[in-house]
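Here are the chains, one letter per residue:
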Amino acid sequence: MRLLGSSGSIAALSALLAATVHPDSGLSPRMPSSSLVLAALSLLLVVSLAAAGRERPGRRLMGLGGAVLLLALGYDAVRGHAGTLSLRPGQGARAFEEVGPGGPLGLRPLGFDVRLEEARDDHATLSCVQEGASMSLRITRERAASCGGFRFAFPEPIASGEPARLRIRLSGAKGNQDVELAPGQPAEAQGLTIALERYFADFALDEKGQPFSRSAEPRNPAALLQVRKGDRGWRVFVIRSLPGIHRQEGLDASFALVGIEPEVWVRLSVAREPAAALGGAGLLLLAAGLSLGLRRP
Amino acid sequence: MSLLPGVAALALGAAAIVQALALAARRASLEIAVRIVAGLGALALLPVLADAGGRGLAILGLIAALRPGAVSCLAASASALVLSLRPAPAQAETAMALMLAGAATGVAVAALDSSIVARLARGGDPSFVAAAFGAALCGVLVAVDHGRVLRWSYALDGEGPRLELPGAGLLLGLTLLVSLAGTLLVAARALAGTQRLAAAAGRRLLLLACGLAALGAGLILFEGLARSEAALAASAGEVAALGLATGGLIFGVLVMLGERPAREFARIALRAESETYVAAVLALLVLGAAGLEGWLRAGSYGTPEVARASAAALLGLGAAQPTGLGVLRRAAFAAGLLSLLLRAA
Chain Z
1 MRLLGSSGSI AALSALLAAT VHPDSGLSPR MPSSSLVLAA LSLLLVVSLA
51 AAGRERPGRR LMGLGGAVLL LALGYDAVRG HAGTLSLRPG QGARAFEEVG
101 PGGPLGLRPL GFDVRLEEAR DDHATLSCVQ EGASMSLRIT RERAASCGGF
151 RFAFPEPIAS GEPARLRIRL SGAKGNQDVE LAPGQPAEAQ GLTIALERYF
201 ADFALDEKGQ PFSRSAEPRN PAALLQVRKG DRGWRVFVIR SLPGIHRQEG
251 LDASFALVGI EPEVWVRLSV AREPAAALGG AGLLLLAAGL SLGLRRP
Chain L
298 MSLLPGVAAL ALGAAAIVQA LALAARRASL EIAVRIVAGL GALALLPVLA
348 DAGGRGLAIL GLIAALRPGA VSCLAASASA LVLSLRPAPA QAETAMALML
398 AGAATGVAVA ALDSSIVARL ARGGDPSFVA AAFGAALCGV LVAVDHGRVL
448 RWSYALDGEG PRLELPGAGL LLGLTLLVSL AGTLLVAARA LAGTQRLAAA
498 AGRRLLLLAC GLAALGAGLI LFEGLARSEA ALAASAGEVA ALGLATGGLI
548 FGVLVMLGER PAREFARIAL RAESETYVAA VLALLVLGAA GLEGWLRAGS
598 YGTPEVARAS AAALLGLGAA QPTGLGVLRR AAFAAGLLSL LLRAA
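Line order of the protein sequences matches chains Z and L.
If you're matching positions, the first sequence starts at 1 in the numbering used here and goes up one per residue.
If you're matching positions, the second sequence starts at 298 in the numbering used here and goes up one per residue.
Rather than coming from a laboratory, the hints here were simulated on the basis of the structure.
No incorrect hints appear here.
Residues from chain L that face chain Z, not an exhaustive set, calculated with beta carbons under 10 Å:
1. Ala577
2. Arg605
3. Ala608
4. Ala609
5. Leu614
6. Ala617
Using N, Cα and C, we set each Cβ at its ideal position, and we do this for glycine too.
All chains, full assembly: derive it from the sequences and hints.
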């Protein structure tokens, strides 16, 4: 125990822990069970501080501070949560996608309702309904907001892979006409009813010749339309890079995809660290203990 | 390139060399000149206080001017060089933590200065100082440009194509060989008391390494400014590290060749200890501030900045322990804090 409480042990353990914790040292990802190693080293360091002799005042206070800090970090590691929440404007949710050290963990309930009221370039507004009371949270990239013990931060627009609206140019007997098409909302033009059947944000063909989308970004947008005239129906393929490529027999019109308004979702980071304040208190105790050991020259 | 931080880098670098001369030649009168030159350098850094990203480095420069030591002026000079080549961002994600880190770094390098002087005043072999800085220069030369100096090549790596500097590659490769040989010979003399001829050869090799390193760093700056300021700005950290290591070796060689400082060892050792404690406490406050700013901005204290600040605080805790290898532990602590500041700039 005397060896563990010696200044040399504290110095050595501090250096080892610093090398393990530093994200640029590259040690942590290479170590098997790095969390266990970190926890063990931290525990040893706290025990060393607590077991230190009486030659320097404040050492026991440092031990107490270290213990409180370690307890807080351990509690947050076990009972804390982190993940993401993706919503489109007007959409609500009661759960978020939790992420752990090993990867996604699935949906975790928030315990309350949230709804994305507004999404702008520099901020997002979330409404949070908890125990019957509603509050509005303004979240920017510089400032997170809290509700129900959870912190919401970093609103980031992401492409959902679906369109909010498509603009189709119809070239028929009556000339050219542009039509705005939204998913689930057919449009009428020149006697034709046009509906969106399927959309590909980044169109490609797989090895079997089947269409698929390589990504959610509208890099090579294409769509499959359902066109009806009376009793007759056709399926027309349109791709932005090749206007009018697909003509159907009996349909005296051609179609071109001229514009896309992609549906933008907002992804927020979600975190819950119930022992954060306790950790801060531990850190202050540690600093107080260290400053007690200061001797004036 | 920004003029005022460049002037500050020159002034603080000059102050460092004059301070080393004052220590080696036991000329206390030179220390007045050191204070004046370092003060001018600090004044030139004042406008940088307006930029949140460079505030910490500016505070480091101000503390170095208030408590000028060779190593602290060198560290401040290297930081000012980075600010000169790559202006600091106006906004920073951990502004408060960076300011505290600047103060902590200033005190930590002052503690390192005091430790070195105390060791020398106690009768420690000055060859160790030269050997340590020689080893640091070798380490920097191996690390820069992903180790290409080992292949006699060096380039500034920016966003565009690499700017090859074959002359600098040759110079730096030669510097590496010479400094490695000199360091090994001087360290052997310090550890095992080798033949006088070998010891003299080691000293001369380190002296040659100082000149070659200074030439190499100067060539990189000159060619970078002439051909691509953007590439030089992107490699500002590397160039500053090279400058810092070169300045450190010059300091080590001057101390090795000079007289033992006639100072009261106990008082200086106690000052080093106190400064280390203050820096360690400040490092803990940096950790707290980084955690708080992470919680406010990112909703969590589990950010990479907090991890780096934790490592620096742990090194501070280790440096504050009254045990062996004090100079080495304080050097690691100062390096950890300095890398925190330079990363944000």
